[in-house]
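**Q** Using the hints provided, position chain B relative to the given structure of chain A.
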Amino acid sequence: MADYNICLAGDCAITIDFGNQIDQKINRQVTLLRDQLESLQIKGIVEMIPTFRSLTVFYNPEILSYQKLKAYIEQCTSAETATEAHKKKVYVIPVCYEECFSPDMGNVCAHTGLTREEIIKRHSGQEYLIYMLGFLPGFAYLGGLDPQLETPRLSSPRTKIEAGSVGIGGNQTGIYPLDSPGGWQLIGKTPIKPYDVKREKSILYEAGSYIRFVPITEEEYWKIKEEYEAGKYKCQVEEV
Amino acid sequence: MPGGRGVAMGGIRIENGGALSTIQDAGRIGYQALGFGTAGAMDVDALKLANTLLGNEPDEAVIEMTLLGMEVVFEEVNCFVLTGGDMGATLNGDTIDCCKVYAAKSGDILKCGFCKDGIRGYLSFAGGMDIMPVLGSLSTSMKYQLGGLEGRKLMPGDTIGFKNPKAKLSHMKRRFIEAPIYKKDVTELRVLLGFQKDYFTEEGLQTFFSSVYGVQSESDRMGYRLEGEAIGYKDTVDIVSDAIVPGAIQVPSNGQPIVLMADRQTTGGYAKIGAVISADLPLLAQMAPGSKVCFKEVTLEEAQAALVEKRIQMKQLKRRLERWF
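Protein chains in written order, with the numbering used here: chain A, 173 to 412; chain B, 5 to 329.
So that you can see chain B by itself, here it is in the shape it has in the complex:
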């Protein structure tokens, strides 16, 4: 079956899968031309942070939990960390911190609750999980049952082995950062306009940049549906299908924008006003229904500089964790 366990025993056993937990890495890259969506972690910053704190490969797979987290039992020792939204986790009943590495013993019980800030929490293990890659990636595409654990969300009774567990890591005391705060009145998302901006009227573009949009409850891994003042367009928003990049902002005929995310289809037939910059997608990934966003236009240079800055931050963190003194 595409996507499955390796040979190792131990690892973790899922007692409760939470609302929606899936195995994700940085995405299935290289197959979009064949119609395979990339999938991947919605909050890639949380993934990178987890792997940096654990000394893992930068894009090692993690478990993405949505809204309500999992309950797992460690059947084997290993170090782990929770990043992304704080799910009020406990280890054997004791409260533990987000963004801090802990060592678990065999029999330890990790319980994650409702996300208090943000909506997606990430559980990661030192050495990664022993899951077979499919087309080069461990990411789960639930729509076509591909990758991760049998192409589906995690359920009670599932077991996941550890690839290379560690009883402890060097400099355990350094392996934490102050957890980010996601809750905001209005989150500003930086945008690059696309060539299909010409489908929209001047007023439409003004509306887009001056309005506050609310995140709808139908938002999911495929896209964030926003509600607010309708964006005016010229004749139509129907286009002959073309490719959809991560963060692309599609505007269907009702003028309500949709920001396409990890489980987006590779191609689509609605005009796109532009795209949210890559560096801001993790912010959107932590927004719950009811939260508010607004859009700001930036240049390509600013957008790409934001990505470089993030990479440098992780590099600096890595250095800090590894220095011997």
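Okay, chain A solo, but in the shape it has when bound:
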């Protein structure tokens, strides 16, 4: 495994840090370590937070000592693992980019010099790594936005952006999981809910997996929305 530091994060957590960078390889180390520790089912681990560049492991010090946990971690990080060839999990998210759901498409066209069709093609044409979830439940920090699509945030943020809205903010792209104020340029909307406490898996995806946006028509949007609300929609997940 790559270079890392094991450090204290208060008295009930340990952080394993792989470097102060946004880098797919580093993030892959985080995901790998999380998966390894999970598979060990260590008694005393309360939960883990994978981030861009580190994994923080919360533990109960009365059940599991710092030293023992550190030893488990070192056992994982020193293990020989094939980091290149791994199964990618890709969540396919339907997005309607049509005018009714893309109020800021004009801004993005003007800033990038691209046509609406080009923007949709580039935005939906690739897989985005979910570096981490944070800020709000289900808010995914996605990596890999085509630099040609970068558009500055709105100078005057909206007080309310509806859940499911898909946007671009600077060099970031993503989906608003909840109604929230925000400054991203909205270019589409998904009829499904990335965040749904009523669903068994309350957040659709997880850090380390990928998202791909698939363009749908307005008609398809309403059809899928109805299906979703009736509990009949199943999100497509590809294992690549």
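Treat the hints loosely; a few may be bogus.
To be verified - Derived lysine-lysine pairs resembling BS3-like cross-links, with alpha carbons at most 27 Å apart:
#, chain 1, residue 1, chain 2, residue 2
1, A, K395, A, K259
2, A, K240, B, K314
3, B, K300, A, K242
4, A, K370, B, K319
5, A, K332, B, K115
6, A, K260, A, K373
7, B, K188, A, K370
8, B, K109, B, K188
9, A, K370, A, K397
10, A, K397, B, K322
11, B, K170, B, K322
12, B, K115, B, K201
13, B, K314, A, K370
14, A, K242, B, K201
15, B, K314, A, K215
16, A, K215, B, K319
17, A, K370, A, K395
18, B, K201, A, K197
19, B, K147, A, K373
20, B, K201, A, K332
21, A, K242, B, K314
22, A, K240, B, K322
Stated by the list, open to error - Cβ-to-Cβ under 10 Å is the rule here; a few derived chain A residues that face chain B:
#, residue
23, E219
24, I221
25, T223
26, T228
27, S237
28, C281
29, G310
30, L314
31, L350
32, S352
33, G354
34, E378
35, A379
Quick caveat, the hints were computed from the structure, so don't treat them as lab data. The beta carbon of each residue, even a glycine, is placed where N, CA and C say it ideally should be.
**A** This is chain B only, laid out in the frame that chain A set:
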């Protein structure tokens, strides 16, 4: 709607919700990787004490009241206790003590006023409240309207049912402790330094440990904003976002530390000099704007021993309440 009432009637009716009252338990654990903050009682010692005095499950949910407490009417008999900061409560007009269990009858009126010492008072009921858990917890995350009562603070007209009310508990006369005193000239908070301490200069670290910081009025459940001598750092305090533990001390570019608390976001992009130890977070939770803190470095062993000591104290209290003689 996520977080709501169960089927029971009776319980209590809120006549006045006070400044900010929410239902909290020990926190929503297990979902931080998905971006769900833990929420939970700011003064977890007050929560544990209440549940021990009432013979409840140790992490049973309570109502956390901030600065100005609630006025509630009991629509059903039950035993209750107020812990944390003393809000000068009365029951049917008669003054009652903090940290002492009382039995309420149907129609009884409990009025909590301004917190005289500390800033957060806790109202707890025998058998707990009949509220639906969301993702395993009754804690309220107001930012995204999740948990507790409809994900919000309590308002006049709200009713909350009791899960398992008790007209009285065994050994009622034993069910009290002397209320702690929170007011201090300067509260010392014990700290464990983190790996991002290297973002700060030697002078910066010295400043951090030798200065007295004042609690700002913007402090809330998300974090305590402190004001004092700026903590010097090397090149920058911007980091690629990583996880935030309870009590983490973030230092933004103005060098003024922020101690992150129950409603903190799960991840953040400012360097953290270290974290206040878990055992000292309840002290901070009772500090009003204007109060003063200073920081002292301790070892991991000391920090964890402090937690064990607290648990043992509650265990001893529980034994004392339950012994038959």
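**Q** Does each hint fit the structure? Answer for all of them.
**A** Verification of the supplied hints:
no.: 1; hint: A/K395 - A/K259; result: violated (31 Å)
no.: 2; hint: A/K240 - B/K314; result: holds (23 Å)
no.: 3; hint: B/K300 - A/K242; result: holds (25 Å)
no.: 4; hint: A/K370 - B/K319; result: violated (37 Å)
no.: 5; hint: A/K332 - B/K115; result: violated (38 Å)
no.: 6; hint: A/K260 - A/K373; result: holds (19 Å)
no.: 7; hint: B/K188 - A/K370; result: violated (46 Å)
no.: 8; hint: B/K109 - B/K188; result: violated (37 Å)
no.: 9; hint: A/K370 - A/K397; result: holds (16 Å)
no.: 10; hint: A/K397 - B/K322; result: violated (53 Å)
no.: 11; hint: B/K170 - B/K322; result: holds (18 Å)
no.: 12; hint: B/K115 - B/K201; result: violated (46 Å)
no.: 13; hint: B/K314 - A/K370; result: violated (37 Å)
no.: 14; hint: A/K242 - B/K201; result: holds (20 Å)
no.: 15; hint: B/K314 - A/K215; result: holds (22 Å)
no.: 16; hint: A/K215 - B/K319; result: holds (23 Å)
no.: 17; hint: A/K370 - A/K395; result: holds (21 Å)
no.: 18; hint: B/K201 - A/K197; result: holds (25 Å)
no.: 19; hint: B/K147 - A/K373; result: holds (21 Å)
no.: 20; hint: B/K201 - A/K332; result: violated (38 Å)
no.: 21; hint: A/K242 - B/K314; result: holds (25 Å)
no.: 22; hint: A/K240 - B/K322; result: violated (31 Å)
no.: 23; hint: E219; result: holds (5 Å)
no.: 24; hint: I221; result: holds (4 Å)
no.: 25; hint: T223; result: holds (4 Å)
no.: 26; hint: T228; result: holds (4 Å)
no.: 27; hint: S237; result: holds (9 Å)
no.: 28; hint: C281; result: violated (30 Å)
no.: 29; hint: G310; result: holds (6 Å)
no.: 30; hint: L314; result: violated (13 Å)
no.: 31; hint: L350; result: holds (6 Å)
no.: 32; hint: S352; result: holds (8 Å)
no.: 33; hint: G354; result: violated (14 Å)
no.: 34; hint: E378; result: holds (7 Å)
no.: 35; hint: A379; result: holds (7 Å)
When each numbered hint is compared with the structure, violations occur for hints 1, 4, 5, 7, 8, 10, 12, 13, 20, 22, 28, 30 and 33.
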